[in-house]
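Colleague: Residues per chain, in single letters:
There are 2 protein chains.
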Amino acid sequence: MAGKIYVVGLGPGSEMEMTCEAQEALRRAEVIVGYHTYLRLIPGYLKGKEVFGSGMRQEIVRCRRALELAASGRTVAVVSSGDPGVYGMAGLVLELIAQQGPEVEVEVVAGVPALSFCAARLGAPLMHDFAVISLSDLLTPWELILRRIEAAAAADFVIVIYNPRSSKRQRHLLEAREQILRHRSPQTPVGLVRAAGRPAEEVSICTLEGLEPEQVDMQTTLIVGNSQTFVWKGRMITPRGYRLPS
Amino acid sequence: MAGKIYVVGLGPGSEMEMTCEAQEALRRAEVIVGYHTYLRLIPGYLKGKEVFGSGMRQEIVRCRRALELAASGRTVAVVSSGDPGVYGMAGLVLELIAQQGPEVEVEVVAGVPALSFCAARLGAPLMHDFAVISLSDLLTPWELILRRIEAAAAADFVIVIYNPRSSKRQRHLLEAREQILRHRSPQTPVGLVRAAGRPAEEVSICTLEGLEPEQVDMQTTLIVGNSQTFVWKGRMITPRGYRLPS
Numbered sequence: 210m211a212g213k214i215y216v217v218g219l220g221p222g223s224e225m226e227m228t229c230e231a232q233e234a235l236r237r238a239e240v241i242v243g244y245h246t247y248l249r250l251i252p253g254y255l256k257g258k259e260v261f262g263s264g265m266r267q268e269i270v271r272c273r274r275a276l277e278l279a280a281s282g283r284t285v286a287v288v289s290s291g292d293p294g295v296y297g298m299a300g301l302v303l304e305l306i307a308q309q310g311p312e313v314e315v316e317v318v319a320g321v322p323a324l325s326f327c328a329a330r331l332g333a334p335l336m337h338d339f340a341v342i343s344l345s346d347l348l349t350p351w352e353l354i355l356r357r358i359e360a361a362a363a364a365d366f367v368i369v370i371y372n373p374r375s376s377k378r379q380r381h382l383l384e385a386r387e388q389i390l391r392h393r394s395p396q397t398p399v400g401l402v403r404a405a406g407r408p409a410e411e412v413s414i415c416t417l418e419g420l421e422p423e424q425v426d427m428q429t430t431l432i433v434g435n436s437q438t439f440v441w442k443g444r445m446i447t448p449r450g451y452r453l454p455s
Numbered sequence: 210m211a212g213k214i215y216v217v218g219l220g221p222g223s224e225m226e227m228t229c230e231a232q233e234a235l236r237r238a239e240v241i242v243g244y245h246t247y248l249r250l251i252p253g254y255l256k257g258k259e260v261f262g263s264g265m266r267q268e269i270v271r272c273r274r275a276l277e278l279a280a281s282g283r284t285v286a287v288v289s290s291g292d293p294g295v296y297g298m299a300g301l302v303l304e305l306i307a308q309q310g311p312e313v314e315v316e317v318v319a320g321v322p323a324l325s326f327c328a329a330r331l332g333a334p335l336m337h338d339f340a341v342i343s344l345s346d347l348l349t350p351w352e353l354i355l356r357r358i359e360a361a362a363a364a365d366f367v368i369v370i371y372n373p374r375s376s377k378r379q380r381h382l383l384e385a386r387e388q389i390l391r392h393r394s395p396q397t398p399v400g401l402v403r404a405a406g407r408p409a410e411e412v413s414i415c416t417l418e419g420l421e422p423e424q425v426d427m428q429t430t431l432i433v434g435n436s437q438t439f440v441w442k443g444r445m446i447t448p449r450g451y452r453l454p455s
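Chains A and B, in that order, give the protein sequences.
Count the first sequence with the numbering used here and you get residues 210 to 455, in order.
Count the second sequence with the numbering used here and you get residues 210 to 455, in order.
Rather than coming from a laboratory, the hints here were simulated on the basis of the structure.
Here the structure is a predicted model, which means the values were calculated and not measured.
Treat the hints loosely; a few may be bogus.
Among the chain A residues that face chain B by a calculated CB cut under 10 Å, a handful are [stated by the list, open to error]:
1) Cys229
2) Leu255
3) Glu259
4) Tyr296
5) Glu316
For glycine and all other residues, C-beta sits at the position ideal for the given N, C-alpha and C.
Construct the entire structure; sequences and hints are all you get.
Modeller: Shown next as structure tokens:
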């Protein structure tokens, strides 16, 4: 009898930010599979379970292991930080099943994505149409990423940037900033949230022209305001468009 | 002494999909403020509390009431379905405070947004860069919305469409579809999730050319695939770009 895979979103990290549905899926699982760093966020759920952890860029290894376990009848939870449906593990699990065909049931349990959590910390920057773009060119040509940045900037989307920088990619954020500056004021607010929801969390707001790549690492999410976004007492606010009676 | 406002995301609706943080904020609140329909989702949290409910398009009335209550020292929860930070109540609360200036603490408690929840129901459509666009032109000129649709389509974003239709707006979805079809194959998968997470939930997948406005109402969220998105056994999958060993 084939088993089941839950692909579970942990949200930013603490148990308080998980949904009850996600907690329930972790309790039901016999085996928990995930990136080491994320498994460390949920020690209480690992007790008495089989655990398969692996390192960065081992996503395919982890997913294959989950598939084998589920195909042999086990109930498996594959964990992902944030929401597994936003650049997360949900796609890889389904892609591998589509390719290899084991009869395995899959349920994606959504979590609070980084874009939501970071927006909450910054104020209310996502009150209007927004684009979500990853600057990682490991799996996507840089030209396509830059074209999307340009399109989003030109059409006045708020822009959420995932994976803004790594040690190998120093120039990307600068190029993205240049592209956005062609269409948006240098004074446009940019919110930065680092290590969201974790003890080392840092939240700051700068301007587009003042944005320095040194402020940013792989754990940072950026939100670039649209032409209407303003900052008020440390909060970044994109107006929804209501006419407010004064 | 000034009070506090929690702007709380309920997620799609059931308690199981709320975060513990959101539940805790509702427990701490002395007064709960919200749209009638959302208050009905959380009867257990209303017991023994003061409740201020109002109807559709009464957002400003609700927010002002919350501000008055908090300014007089009460702890207030303003509830929003999904994530209050995505087209939700977080912005209006902060905009009103910025305009009127009462000394009130505000904490936004993120919830699982409709985009995440609907993506989970459909499979894994948001594995690559995406744009989120509301078709409601109550507060935004239709020309700007259409320009964003066009930009997102041309740059091959997955497109999440909120508020696709109301009784007064029959043509908008057709115009948006026309615009997307100029850049994307008629066979592009489109996922539709109606009344996500509620008893009347309906999930379906069609093609861009087969999309009929009659399938869609104000409670529906649409996800239009990018050029790589495919459907496999009723799941909508946008590849992340991994080269999968076969």
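Colleague: So, as I understand it, the hint says glutamate 259 (chain A) touches chain B; can you test that by seeing if any CB pair is closer than 10 Å?
Modeller: It is violated, given that the least Cβ distance between glutamate 259 (chain A) and chain B is near 25 Å, above 10 Å.
Colleague: Holds or violated: glutamate 316 (chain A) as interface residue toward chain B, Cβ cutoff 10 Å?
Modeller: holds, 8 Å
Colleague: Would the stated hint for tyrosine 296 (chain A) survive a check requiring a Cβ distance to chain B of less than 10 Å?
Modeller: holds, 6 Å
Colleague: Please check whether leucine 255 (chain A) passes as an interface residue: C-beta within 10 Å of a C-beta belonging to chain B.
Modeller: Violated: closest Cβ of chain B sits about 19 Å from leucine 255 (chain A), beyond 10 Å.
Colleague: Given cysteine 229 (chain A) as an interface hint, is the shortest Cβ-Cβ distance to chain B below 10 Å?
Modeller: holds, 5 Å
Hint check: violations occur at hints 2 and 3; the rest are consistent with the structure.
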